Amino acid sequence: MTSATAAAVTAGGSVGREVSTFFYRRSTFYLLLLLLPPLLWLGTVYLGSLFALLLQSFYAIDEFTATVVPKVTLATYRQLFSHPANVDIILRTLGMAIAVTIASAAIAFPLANYMARYASPRMKAFLYVGVMLPMWTSYLVKVYAWRLILAKQGILSWILTTVGVEPVLEAALRTPVIGGPSLASSYLGMFIVFVYMWLPFMILPLAAALERVPQSMIQASADLGARPGQTFRNVILPLALPGLAAGSIFTFSLTLGDYIIPSVVGAPGYFIGMMVYQQQGTAGNIPLAAAFSVVPIILISVYLTLARRLGAFDAL
Amino acid sequence: MPAAIEFLKVSRRFGSVKAVDEVDLTIAPGEFFALLGPSGSGKTTCLRLIAGFEQPSSGHVLLDAADVTGVPPYERNVNTVFQDYALFPHMSVAENVAYGLRVRGVASEERRKRAEEMLALVQLEGMGERSPLQLSGGQKQRVALARALINHPAVLLLDEPLGALDLKLREAMQIELKNLQRKLKITFVYVTHDQGEALSMADRVAVFDRGRIEQLDTPRGLYMRPRTAFVARFVGGANVVEGELAQRLNGTARAFAIRAEAMALDGAARDGAVGCAATVIDVQYHGASSRWQVRTEDGSVLAVVRPESGSGSTHHEIGSKVFVSWPANQMVPLEAT
Numbered sequence: 001m002t003s004a005t006a007a008a009v010t011a012g013g014s015v016g017r018e019v020s021t022f023f024y025r026r027s028t029f030y031l032l033l034l035l036l037p038p039l040l041w042l043g044t045v046y047l048g049s050l051f052a053l054l055l056q057s058f059y060a061i062d063e064f065t066a067t068v069v070p071k072v073t074l075a076t077y078r079q080l081f082s083h084p085a086n087v088d089i090i091l092r093t094l095g096m097a098i099a100v101t102i103a104s105a106a107i108a109f110p111l112a113n114y115m116a117r118y119a120s121p122r123m124k125a126f127l128y129v130g131v132m133l134p135m136w137t138s139y140l141v142k143v144y145a146w147r148l149i150l151a152k153q154g155i156l157s158w159i160l161t162t163v164g165v166e167p168v169l170e171a172a173l174r175t176p177v178i179g180g181p182s183l184a185s186s187y188l189g190m191f192i193v194f195v196y197m198w199l200p201f202m203i204l205p206l207a208a209a210l211e212r213v214p215q216s217m218i219q220a221s222a223d224l225g226a227r228p229g230q231t232f233r234n235v236i237l238p239l240a241l242p243g244l245a246a247g248s249i250f251t252f253s254l255t256l257g258d259y260i261i262p263s264v265v266g267a268p269g270y271f272i273g274m275m276v277y278q279q280q281g282t283a284g285n286i287p288l289a290a291a292f293s294v295v296p297i298i299l300i301s302v303y304l305t306l307a308r309r310l311g312a313f314d315a316l
Numbered sequence: 001m002p003a004a005i006e007f008l009k010v011s012r013r014f015g016s017v018k019a020v021d022e023v024d025l026t027i028a029p030g031e032f033f034a035l036l037g038p039s040g041s042g043k044t045t046c047l048r049l050i051a052g053f054e055q056p057s058s059g060h061v062l063l064d065a066a067d068v069t070g071v072p073p074y075e076r077n078v079n080t081v082f083q084d085y086a087l088f089p090h091m092s093v094a095e096n097v098a099y100g101l102r103v104r105g106v107a108s109e110e111r112r113k114r115a116e117e118m119l120a121l122v123q124l125e126g127m128g129e130r131s132p133l134q135l136s137g138g139q140k141q142r143v144a145l146a147r148a149l150i151n152h153p154a155v156l157l158l159d160e161p162l163g164a165l166d167l168k169l170r171e172a173m174q175i176e177l178k179n180l181q182r183k184l185k186i187t188f189v190y191v192t193h194d195q196g197e198a199l200s201m202a203d204r205v206a207v208f209d210r211g212r213i214e215q216l217d218t219p220r221g222l223y224m225r226p227r228t229a230f231v232a233r234f235v236g237g238a239n240v241v242e243g244e245l246a247q248r249l250n251g252t253a254r255a256f257a258i259r260a261e262a263m264a265l266d267g268a269a270r271d272g273a274v275g276c277a278a279t280v281i282d283v284q285y286h287g288a289s290s291r292w293q294v295r296t297e298d299g300s301v302l303a304v305v306r307p308e309s310g311s312g313s314t315h316h317e318i319g320s321k322v323f324v325s326w327p328a329n330q331m332v333p334l335e336a337t
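As they're listed, the protein sequences go chains A and B. For the first sequence, position 10 (counting from the first letter as 1) is numbered 10 according to our numbering, and the numbering increases by one without interruption. For the second sequence, position 78 (counting from the first letter as 1) is numbered 78 according to our numbering, and the numbering increases by one without interruption.
Quick caveat, the hints were computed from the structure, so don't treat them as lab data. These numbers were taken from a predicted model, which means no experiment stands behind them. Be aware that a few hints might be false.
[To be verified] Taking CB as the label site, the calculated pair distances span:
1) B:Q134 to A:P38: 29 to 37 Å
2) A:V163 to B:R212: 51 to 59 Å
3) B:G15 to A:I260: 43 to 51 Å
4) B:G196 to A:Y30: 21 to 29 Å
5) A:L304 to B:E22: 56 to 64 Å
6) A:Y24 to B:S57: 55 to 63 Å
7) B:R291 to A:V15: 38 to 46 Å
[As the list claims (entries may be wrong)] Over 10 Å on every C-beta distance to chain B, these chain A residues come out as not near it, computed from the model:
8) I90
9) F126
10) Q230
[As the list claims (entries may be wrong)] Only part of the chain A face toward chain B is listed, based on derived beta-carbon distances under 10 Å:
11) L50
12) Q219
13) A226
14) R227
15) L239
From the three backbone atoms N, C-alpha and C, an ideal C-beta is built for every residue, glycine too.
Using the sequences plus the hints, can you model the full thing?
Below you can see the structure in the form of structure tokens.
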């Protein structure tokens, strides 16, 4: 480069050039500038409101005036855990969340494995779209559609009757706890809708994790004498565990927090989400609502600790 | 003794591509056998057919005289060292090595003992507790080797095992692998695209091109008597003279090979030698030798390798007119392909 062209480059667009040089030489400052909006959002709006929620749960409501007394007390938590009805709600929600998570994992694994390992590129694209397609539809539409599908005279019972297996359905509905007058008004029906709703959240991280397991590792396992079942237990499952953990965090926490599905489909028993909705809305008991919403946070923390102990994140 | 591995008219097609095309092959027990060829020549597919990761589209693969067509990898007495090592990241080095015993239900105390023995064999004593992620490339290579050998396979398959290592380490590992094979007396089938590796290690080499075996011979046989132009160029880096120039020099249009180090480079024509006038177009100094590229008058490019004489008298600059020649008995006639 001649000195004349070099001078031209330095002179050209000098202000923009100086700003660019300024940022280039102070990369930390530049990074900070980029991170400021998300940090502000996360810090104040997100964590701030979470903190406010936590604080509310340590307040209690005055029985006479029905106003919140801003004084730190454990009375609300005492109320939460001393009422057998509240404990029932927590156990019911927890049981449902565990069942939904296990069922989602069981259904998602074969499909995710097929998508990650065996499907042709076209088939894979088709399946990914197929898995995500339901998420583009309104949540409420899907829930109400399911209520119709599961209704006593609904399409599902019609199909089962036509195929001739309605005794199975009747036996399931006669089963205590999960049964009921119809699928639409039983925990079994609610379970089906939950699994349907959260399945994509399990399939996608699981497929991503399985895709990262190199083919040569699976072949190495077979090469060393492992039968397909052994390869699955010893190699595929441990390496897919981070994806399984990620997916189960979604299905578990979404079930713990949901209040629409339990109020549209299923037996009349309350769920945590419904209690939060009712306590902070109709009942106006913000502290109790806050205490209820702390429960899923604790349950998920316990779940994550257990998953970590079991080595779910070792392969990350 | 039956052959360790036998291919009977084995083909493997992927859609319309014939990766392996009617290959017949016999590998003797205890042999160090190399499959050599450029990428896409079918050598790795052959290895995978022996391991059982691929099934032949037609033909039969025999291991120890038994037809294994349709037998899954986990029922074959054959183990593989993978190109990317394929060590399990969620297991320790010792667990990786003992994996073959674990899936066969060997008790954990026995597993631990034999894994330690295997690690000693590959000079990794006391590394059992480490994670494979903490190891260097050469160490991973040794762990993969120990893991593949723990089941005492009849055949060890090695898929470009040294490809990811640097030159120094690669040379050391070549010697080590060869010694290991002599000691264990296991059949080694070694896939490589590096002709030097194949020539220096193998008892016999099969040269692959486009799914077929071009030539199957000892390293010396391949080097001294290449059958086709492909083998002459790929294995020996030899000059292939064909067409008009061959006609003029040899009296026949049939192509012949002439090794670069069999050629002489002089300022003037030599009496009694076969040769022609040429112009130097490139010189590479290699220390012990130098390599010249010369262009003959009809436009063919030939390579000449001469040992370093020390005096510098044999040096010819780029552009200088020279005369290349070789003894007539060094010309190897080639088959038309």
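Hints, one by one, checked against the model:
The supplied range of 29 to 37 Å is met by Q134 of chain B and P38 of chain A, whose beta-carbon atoms lie about 35 Å from each other. Distance hint check for V163 of chain A and R212 of chain B: the Cβ-Cβ separation is about 56 Å, which falls inside the suggested range of 51 to 59 Å. Between G15 of chain B and I260 of chain A the CB atoms are about 50 Å apart, so this pair conforms to the stated range of 43 to 51 Å. Against the hinted window of 21 to 29 Å, the Cβ-Cβ separation of G196 of chain B and Y30 of chain A comes to about 50 Å, which falls outside the hint.
For the hinted restraint 56 to 64 Å between L304 of chain A and E22 of chain B, the CB-CB distance of approximately 58 Å keeps it satisfied. Checked against the hint of 55 to 63 Å, the C-beta distance between Y24 of chain A and S57 of chain B comes to roughly 58 Å, which is consistent with it. The hint said 38 to 46 Å for the Cβ distance between R291 of chain B and V15 of chain A, and at roughly 57 Å that hint is violated. Once the 10 Å rule is applied to beta carbons, I90 of chain A is consistent with being away from chain B; the minimum gap is 35 Å.
Against chain B, the non-interface label of F126 of chain A holds: every CB pair exceeds 10 Å, the least being about 21 Å. Look at Q230 of chain A: its CB is around 5 Å from the nearest CB on chain B, not clear of 10 Å, so calling it non-interface is violated. Hint on L50 of chain A is violated. Least Cβ distance to chain B is approximately 34 Å, over the 10 Å limit. Given hint, Q219 of chain A at the interface with chain B, holds; its Cβ is 5 Å from that chain's nearest Cβ, closer than 10 Å.
For A226 of chain A, the interface hint holds, since its Cβ comes within 10 Å of a Cβ in chain B; the closest pair sits about 4 Å apart. This hint holds: R227 of chain A has a C-beta 6 Å from the nearest C-beta of chain B, less than the 10 Å allowed. The interface hint given for L239 of chain A is met, as the beta carbon of that residue sits about 6 Å from the closest beta carbon of chain B, less than 10 Å.
The structure does not agree with the numbered hints 4, 7, 10, 11 stated previously, though it agrees with the rest.
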